[in-house]
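> The residues making up each chain are set out below.
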Amino acid sequence: MATGAAIFSAAVGAGSAVDQSNKQSAAAAGMQRAAIENAQQLAASGNAAQTSILRQQNKAIRSAASGTARAEDLMSPFIKPGETAFRQANRGILSGADIRGPLARYIKGGAMDAANSAPFAELLNSQPVQNAARGQANIIKSGFTPAFRQQQLAAAQGGLAAAGDVARIQQRGFDRIGDIVSSGASQRASALIGQTPGLVQLASGAEEAKLLAGIAGQQGNAAAIESLAGLAGTLMGPK
Amino acid sequence: MGFFDSVLSFAEDIPYFEDVTASGISPFLVGGNDEDGNPINPYAPPPQKIRNNKLKTDLGAFNTPGEVSGVQGAYSLDNLIRTRTPLATDLLKQGAAFAEDTSRQGFREARGLLRGFDRPDATREQNALLGLLGADRQQQAINNIPVSEFDAELQRRQRETLARGAAATGDLGSGFGLQQAQNLGGAQRFETYQNRLAELEPLAATSRSVRSTLAGMEEARGARGAQIRTGLGTQLANIRLGAAAPIIQANMQQASLSGLQGIAQSQQQGQVASQLAGLAGQFFTPSTPQTVQTVQTTQPPVSAGKITPGGY
Numbered sequence: 001m002a003t004g005a006a007i008f009s010a011a012v013g014a015g016s017a018v019d020q021s022n023k024q025s026a027a028a029a030g031m032q033r034a035a036i037e038n039a040q041q042l043a044a045s046g047n048a049a050q051t052s053i054l055r056q057q058n059k060a061i062r063s064a065a066s067g068t069a070r071a072e073d074l075m076s077p078f079i080k081p082g083e084t085a086f087r088q089a090n091r092g093i094l095s096g097a098d099i100r101g102p103l104a105r106y107i108k109g110g111a112m113d114a115a116n117s118a119p120f121a122e123l124l125n126s127q128p129v130q131n132a133a134r135g136q137a138n139i140i141k142s143g144f145t146p147a148f149r150q151q152q153l154a155a156a157q158g159g160l161a162a163a164g165d166v167a168r169i170q171q172r173g174f175d176r177i178g179d180i181v182s183s184g185a186s187q188r189a190s191a192l193i194g195q196t197p198g199l200v201q202l203a204s205g206a207e208e209a210k211l212l213a214g215i216a217g218q219q220g221n222a223a224a225i226e227s228l229a230g231l232a233g234t235l236m237g238p239k
Numbered sequence: 001m002g003f004f005d006s007v008l009s010f011a012e013d014i015p016y017f018e019d020v021t022a023s024g025i026s027p028f029l030v031g032g033n034d035e036d037g038n039p040i041n042p043y044a045p046p047p048q049k050i051r052n053n054k055l056k057t058d059l060g061a062f063n064t065p066g067e068v069s070g071v072q073g074a075y076s077l078d079n080l081i082r083t084r085t086p087l088a089t090d091l092l093k094q095g096a097a098f099a100e101d102t103s104r105q106g107f108r109e110a111r112g113l114l115r116g117f118d119r120p121d122a123t124r125e126q127n128a129l130l131g132l133l134g135a136d137r138q139q140q141a142i143n144n145i146p147v148s149e150f151d152a153e154l155q156r157r158q159r160e161t162l163a164r165g166a167a168a169t170g171d172l173g174s175g176f177g178l179q180q181a182q183n184l185g186g187a188q189r190f191e192t193y194q195n196r197l198a199e200l201e202p203l204a205a206t207s208r209s210v211r212s213t214l215a216g217m218e219e220a221r222g223a224r225g226a227q228i229r230t231g232l233g234t235q236l237a238n239i240r241l242g243a244a245a246p247i248i249q250a251n252m253q254q255a256s257l258s259g260l261q262g263i264a265q266s267q268q269q270g271q272v273a274s275q276l277a278g279l280a281g282q283f284f285t286p287s288t289p290q291t292v293q294t295v296q297t298t299q300p301p302v303s304a305g306k307i308t309p310g311g312y
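Listed in order, the protein sequences are those of chains A and B.
Each residue of the first sequence is one higher than the one before, counting from 1 in my numbering.
Each residue of the second sequence is one higher than the one before, counting from 1 in my numbering.
Treat the hints loosely; a few may be bogus.
Below, a sample of chain A positions facing chain B; criterion: calculated Cβ distance under 10 Å [as the list claims (entries may be wrong)]:
#, residue
1, D19
2, S21
3, A28
4, Q88
5, R91
6, G110
7, D113
8, I177
9, I180
10, I193
11, P197
If you are wondering where the hints come from, they were derived from the structure by calculation, not from laboratory data.
Here a beta-carbon is modelled for each residue, glycine too, at the ideal position from N, C-alpha and C.
With the rest of the complex left out, here is chain B (with noise of 0.2 Å):
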């Protein structure tokens, strides 16, 4: 198993954090599927369908992620979240599961129009020829080398030219002309491998050149993959954290509010209050203004803060 085949199996070990933080996380905040399709919080209202539009193109028709149905108004500002939240998170997962499949559909099309062109028997022959695969499979190669009718013919013709020029200078009893049968005998054993070697050559550098075509567009089509599930995460981040920030100013602002009411009515009892203590302190207050002044003569100043019947 290859390091990128065990990072497969790996990622899937990496703990998420949703049991540390379920039971901290708001329910709208949560609202909605997890990347897998579960409800994050079986509690929450169920997420309302998005519609899907059919869009015609000259590269077929497609569903993209549409208009969002049944959005209704909202009674308050929760209710609005809630609500919003996982159309809004659904959306967003839709938009990048639709940039997926388009991506891998274009992969797969692609891959279709390329993977005619990969032959791999070219480069195995070629190996086995070469004797990179074994003995065995070398000699089961060499056996079955196909020689046409025309190479064979010519072979026979090349070896029946040296014998009628080995009679023709004496050599045909020779040694000479037997070395000279032999050296033919061989070159052709190993022109017929030669040739073998080269006529498979074209067809093992398409497969490889197929092959390195299709290894680039499976890294891009990985790394597009990647792109978008890390622009959906931040997005995804993004509406987590938007959620929270009219949440916060609304509750702060009906907290301001409330508390600015209930001063402000404090204040209003305490005028109406105030406006009966003085209404009343007139009513109580004596008619003679001699005695007053009377008990003011004998009196030192009244100080400050006292209260000085009389009206003064």
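Isolated chain A, as found in the complex (with noise of 0.2 Å):
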């Protein structure tokens, strides 16, 4: 009767521990997994949180560069005239030449406008002094030729101060950019590394819930063979 009796409690010993070891193990298990699945999911909403910093960055520079070309549309018409300007005075001052064209024309006519009408028109009927008055026309066009580049200069001034404009545009616009992408850079950086404490944990965690479940493994079959032994020994011992 008493080997009955240790054999039915070696038996519900074993059972136990084997069973307890068994529920330990899963718990252990179904640990690892959640750790997993979370660090998926963290990695997934890692991965949400970059492509949304992205996309708006993505917004934000057209938005930005948007702005700039607006303003440069805004600014650039005054630049070339005021380009123009500056190049035709420049080469007109160093060169010494005169104004030409139909400013030239126009004044001439007039000086020759003035000879031909009463009371000097008789005169012209000469030659010679329907060339001087020539010559003297173009004298007076001359005269005009440094008030006119003085008007050329003042174009040039106001295209000058639009390209100052467009040139500090375009460099804020250059900055914005580089300011939203390296900005964005940094938040998707950090919002990548930013999981890579958690998901460490996460991998440890899984990985000592690993170890858990074979160390209760190990413990179930150590109670469940200490169970045996006993029961070997009760059996097997001497009478």
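Dock the two chains into a complex; use the hints.
In structure tokens, the structure reads:
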């Protein structure tokens, strides 16, 4: 009868140890699964976060570029005429050339009209007088050249101011885009790297759970073996 | 095409990450619509409607993103986050869209006020008169210089005065008189030309100034839009990341609870079994202790770990 009790008791002990070990293994495996799932979750949320940042960053770049491009468009029409005025004034002043073209003809025309009008018109019947009058008209036109160059330089100054505005607009535009990209990159990096401690923790948690499962299994085996060893001792020991 | 125009088209080509990440992202994390209004996950529950508040102010009425309708109780954390995440992201996007619209509206209204002062005709005529747009345009502009009746009369009288002076000094038929007349004629033309340029200058300057102001406003509008978008990106990212934390915690808690429950059950069962074993031991133990004592006297001491019948 005592042997039966020992067998029963040993069986119950071993069974209980194995059952507990299984439950502990299952718990540890559950923790491991949860840790893996969570790591995937965290990685996915990190990807989603940095995708959001990237998308909004692209929109921010477009918005900044659009503001810069429109601002440029508003000021650009002043630049080219200013450049032309500066080039012409520069060339005219350095070469000492007189006014040419339509303005020269306009001024000379005024001088010749005055000569052709009463009471001087009769004088122009003489060819030498006519030639002298033409020469005088040229001289008059030449006399207004410095004043005209000043007008050109004033236009060049206006163009230069616009060019300065556009240059600053462009510089700010480039800076702004650079800032957006670098800040976006920093945020994306933070979104990704910020998860690392969490991922590491989860990975180590999963590893610990795995170890615990192993230990639980070993302990369960040891307890079962101990029970069986006890039983063997009882049965095979001296009567 | 300028650099910034090329950026506008380039930005469209930057690949998004959704193709890479879509399969790996839990549906509740990518619920709602993307920034273009398309559903990120077509299988996700449709986002609930967010009612707009009518807000009346001195600047007019605004439809601000208002209370969120249709927020229901959740039966699980997943469900709660699945429901709330798209609502939160939509609310953020609506807030950003509202900020952008308001900024745009403010810009439009301000531009409307300034636009009336932006007349490029004066600048164009000035440029043409200076010969900056070519000889033909300069000729045309000079021909079209308006001369008022007053100026025409003034010039006529100047010429008359000159002629009278020449007559008085006896220079009327002389070369000197002719030269004086020619000088006056040329000067009058250049004066007409200069007066026209001077007349146009305040108009052109106003146009330049208004354009400079408008350029500043355009730039500020673009920068503001960029700021709103950058902020939105950060906030959306926070929501995406923030949604993961409670889920992770809940998952771990659930796993831990479920494991502990299993272990506790097992321990309970073990205790019951152990009690049963004890009971069985008592029940089946022999009732003659002498036999055991007799056995014990002839036996070596029982080693530890062995079952010792007799209740010792």
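> None of the hints should be skipped; say for each whether it holds.
Hints, one by one, checked against the model:
Annotation: interface hint on D19 (chain A) holds; nearest CB of chain B at approximately 5 Å, less than 10 Å. Proximity of S21 (chain A) to chain B holds as hinted, the smallest CB-CB distance being about 9 Å (cut-off 10 Å). Using the Cβ-Cβ criterion of 10 Å, the hint placing A28 (chain A) at the interface with chain B is satisfied: the shortest such distance is roughly 7 Å. The restraint placing Q88 (chain A) at the interface with chain B holds, with a minimum CB-CB distance near 7 Å, inside the 10 Å limit.
Against a cut-off of 10 Å between C-beta atoms, the interface hint on R91 (chain A) is violated, since the closest Cβ of chain B lies about 12 Å away. Look at G110 (chain A): its Cβ gets to within about 3 Å of chain B, closer than 10 Å, so that hint holds up. At about 6 Å, the closest approach between the beta carbon of D113 (chain A) and any beta carbon in chain B falls short of 10 Å, and the interface hint on this residue holds. Among the interface hints, the one on I177 (chain A) holds; its C-beta lies about 7 Å from the nearest C-beta in chain B, closer than the 10 Å criterion.
At a threshold of 10 Å, the smallest CB-CB gap from I180 (chain A) to chain B is about 6 Å, leaving the interface hint in force. Because the beta carbon of I193 (chain A) sits about 12 Å from the nearest beta carbon in chain B, more than 10 Å, this interface hint is broken. Against a cut-off of 10 Å between C-beta atoms, the interface hint on P197 (chain A) is violated, since the closest Cβ of chain B lies about 12 Å away.
Consistency with the previously given hints fails for numbers 5, 10 and 11, ordered from lowest to highest.
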